[in-house]
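Residues per chain, in single letters:
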Amino acid sequence: MSNPVLEVRDLRKVYPVAVTDDCPDGEFTALHGESFTLASGGSLAVVGESGSGKTTCARLIVGLERATSGAVLIDGVEQIRTRASSARRRQRGRQVQIVFQDPYSSLDPRQRVRDCLNEVLKLHFDMDARERARRVGELLDQVGLDERQAGALPRALSGGQRQRVAIARALAAEPKVLILDEAVAALDVSIQAQVLNVLADIRDATGVAYLFITHDLAVVQQICDDVVVMRSGRIVERGTVASVLERPTHPYTQRLLASVPRPGWTPRRRTTTGEPPASNGHPLPPESETKEPLP
Amino acid sequence: MSALLSIDRLRVELPAAKKGMRTVIHDVSLDVQAGEAVGLVGESGSGKSMTTRAVMRLLPEGARLSGEIRFDGISIPGMDRRALRRWRATRVGMIFQDPRAHINPVRTIGDFLFEGVMLDGRLSTSQARERISHLMRAVGIADVDRRLNQYPHELSGGLLQRVMIAAALTTEPELLLADEPTTALDVTTQEEVIAIIDELRRERGLAMLFITHDLDLAAAVCGRIAVMYAGSIVEEQKADALGLATSHPYTKGLLAARPELGRRERRLQTIEGRPISAFEVGDGCAFATRCPRVRDRCRQERPAPTQVPGGRVACHFIDFIDAAAGSPAVGSGGGTR
Amino acid sequence: MSVLQVAPKPDSREITSWGARFDGPTTVACVIVVVFTLAAVFAPVIAPYDPTQVDPSAVYQGPSVAHLLGTDNTGRDILSRLLHGARSSLLGPAIVVLIAAVVGTVIAVSAAWIGGRFDAFVSRALDVIFAFPGLILAIVAVAVIGPGLLAPAAALSISYIPYIARVLRTAAIRQRNLPYIAALEVQGFGAVAICVRHLVPNLLPLLIVQATVSYGYALLDLSAISFLGLGTQPPTPEWGLMVANGQSSIIAGHVEQSLYAGLTILVAVVAFNVLGQGLAKAFMGDDR
Chain A
1 MSNPVLEVRD LRKVYPVAVT DDCPDGEFTA LHGESFTLAS GGSLAVVGES GSGKTTCARL
61 IVGLERATSG AVLIDGVEQI RTRASSARRR QRGRQVQIVF QDPYSSLDPR QRVRDCLNEV
121 LKLHFDMDAR ERARRVGELL DQVGLDERQA GALPRALSGG QRQRVAIARA LAAEPKVLIL
181 DEAVAALDVS IQAQVLNVLA DIRDATGVAY LFITHDLAVV QQICDDVVVM RSGRIVERGT
241 VASVLERPTH PYTQRLLASV PRPGWTPRRR TTTGEPPASN GHPLPPESET KEPLP
Chain B
296 MSALLSIDRL RVELPAAKKG MRTVIHDVSL DVQAGEAVGL VGESGSGKSM TTRAVMRLLP
356 EGARLSGEIR FDGISIPGMD RRALRRWRAT RVGMIFQDPR AHINPVRTIG DFLFEGVMLD
416 GRLSTSQARE RISHLMRAVG IADVDRRLNQ YPHELSGGLL QRVMIAAALT TEPELLLADE
476 PTTALDVTTQ EEVIAIIDEL RRERGLAMLF ITHDLDLAAA VCGRIAVMYA GSIVEEQKAD
536 ALGLATSHPY TKGLLAARPE LGRRERRLQT IEGRPISAFE VGDGCAFATR CPRVRDRCRQ
596 ERPAPTQVPG GRVACHFIDF IDAAAGSPAV GSGGGTR
Chain C
633 MSVLQVAPKP DSREITSWGA RFDGPTTVAC VIVVVFTLAA VFAPVIAPYD PTQVDPSAVY
693 QGPSVAHLLG TDNTGRDILS RLLHGARSSL LGPAIVVLIA AVVGTVIAVS AAWIGGRFDA
753 FVSRALDVIF AFPGLILAIV AVAVIGPGLL APAAALSISY IPYIARVLRT AAIRQRNLPY
813 IAALEVQGFG AVAICVRHLV PNLLPLLIVQ ATVSYGYALL DLSAISFLGL GTQPPTPEWG
873 LMVANGQSSI IAGHVEQSLY AGLTILVAVV AFNVLGQGLA KAFMGDDR
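Those protein sequences? They're chains A, B and C, same order as listed.
Everything in the first sequence is counted per our numbering, starting at 1 for the first residue and increasing by one.
Everything in the second sequence is counted per our numbering, starting at 296 for the first residue and increasing by one.
Everything in the third sequence is counted per our numbering, starting at 633 for the first residue and increasing by one.
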């Protein structure tokens, strides 16, 4: 494996919450000091369900939240956790970008697509207007949009088109790592396939590394090389996509795989009476049926 | 044989934002026999949810409906308010995508369930209590008494959806309408909830109309699947016949576009363009703008449903598609089944 | 933190965008507001008489071709006084709303952005101001600084800040939590740039609605202050002042001055209210 472009080291995040019976110490640990690396130009999936800590992980990496402890290294350089200067913020923006799940609220409703990309180019690069216009065209072309959409407001675009704009905006900074936080989950199946193909093409063309935050194992298989499986803030299994999806060792991974609807699939009740399904020596901790305290 | 639920040439128009009416459902005909589970599958804007809302008479104000919807031979659009209320309370149960939006947040789970049973008016309090705790256990809720005293916000989404299933079944309806009941849930929870719905439905011999965007999910619990696109049913098939040679190009496209475990492709097959809305459909086939096999005729003439082995398909070139079944443009989804 | 949050449909009730489509009453209100504004601007041109011109030979004249609305107790033309009165009557609330809108927006956006204890402090402070009657504040200001247009307007604007800031803060928090703001932060844009270029423009429709409705109430408050003799001083014409002025004439059976001035205030306040509500309706119908 080549040098990791992204390294997450003992990353831990604790949120203060209201003290309740379920949570007597008034703390909710979203992430329990986990580590993983993403190879340069690689594609790593972080798989898990709600409360697994996968989205917290993404927010910590891009600096939207500060970790309680642990470190995020990009290209071997530790990202500072304190309030950053504007130069440092921009520098981080050039290294790691993110695309969110909801295409409807990911774009400023009052900003035309062209202006949205232009604004990002102005921030990061010393280009004149002509160079920027050329680059905007290039970026839109890369995500499969054209001149007509460049002049449109988000409300004139479909969900799939908006998500393409969000991808183009993230790529405008030429980051080394692109985090895709459930970026195709809200899209219709036929549109999801288009966007997944676009993402595959972009990685081939630019060598950007993907951190793919998702719950969808079929999508993981389509677009990722490696995978970590998370549950309740802990990584329970990791490995290449081929090995984990074909020979899962942790019962939770097995359970996740078995839950994916596919041709010939029959849904089964597993925890009807509350006891965890016994399977090869790793009893699953019984899942709390009461809603988890949210940060 | 007369069906339990029979939708005949349903057409729905809604008032548009500015002026005039917008068609949201063109022409939907679908039967659900007693005890049968039918899946209604489509992408966003296909009209699948609007169809269930038309059945439940939950259409927005100003909606115009034509065609007929019959339940056990009785016309639903023709019911007066009393009959409608009685029908909704006793003969049909509904499960929604977002249980939290359909439950009063300031009343306990117990209050919510009791209200449903008492609406029926046929049971005494103790009988109602008995039935509720029986149903709660049936949907996999262990400590019934504690749960009944809790409020909706204290329950996880999966648990709340089980409560909604129990609520839908309290009055022993004959038909269950499930509108994307698991879309907001985690996959493992989805499996649980789907298994519960399926099991209880079979035990009770309930008919079900199951609305979803997930073909595989629908196929797992339904005997028959209707695929909707832009306000029309383009195909109605036995679940195990989906994606076979005689399938509609849209169905095949959907199956091929979905990444599938155990099958990694260099590129996913896609359906070009975006799903259009019903009001954007011209005179021709609704799928004409995206169909890889489109011909001039498709753009001019709306295809009528044609009988094929196992169901009906609305496509002009069904024979042609049949002959070309092995070709790469349409073959991938069908090939794996 | 659900894994599969289904894309929430953009809330159509959220007031975030332009594209006004007015219904009947709103159109009428809009026309009235425009006419009043034009009257204020062009008063010297269109007013038939000098509003301060006393004419002892023509006191208490009824409506006639010469004096469309008649004359008052000193023979001044009521129509001319109403037209000229529009200037200070409409300028006062504009000052109030302008100050309240600017300060309120800054407070609301910073509270939403910074959050935490600062936000809690700001919210409590706004509650305190909210509980303080604006008229009393204005009267205190007059007592300290002296009567006139500016002192009560400035004092009143303080009490209007919560009307703007509280509503805007809620909307700003909503916007703050939308992913497009997070995406801009991840790009490396600074907080001020994001707020000025993205957040505030998206609050603008809501701000305009709030400001319009507040304008109507401020007009009413300032008229009351003038009525009490604490605002604009005679002989400058002002509607509230005219109502007060005409009081003594009512006993003599000449209701015109108070009536017309009062009606003018009424029409203006109702028009601004209807316009504000119409704007709210128009903005919210247009969010896709």
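Some hints here could point you the wrong way.
[Claimed, not checked] Output of the computed footprint for chain A on chain B, the stretches with three or more beta carbons under 8 Å from beta carbons of chain A: (1) 420–431; (2) 474–483; (3) 506–519.
No lab work stands behind these hints, which were simulated from the structure alone.
Virtual Cβ for every residue (Gly too), placed ideally from N, Cα, C.
Hint by hint, which ones does the structure fall short of? Checked against the structure, the only hint that fails is number 1, while the rest are satisfied.
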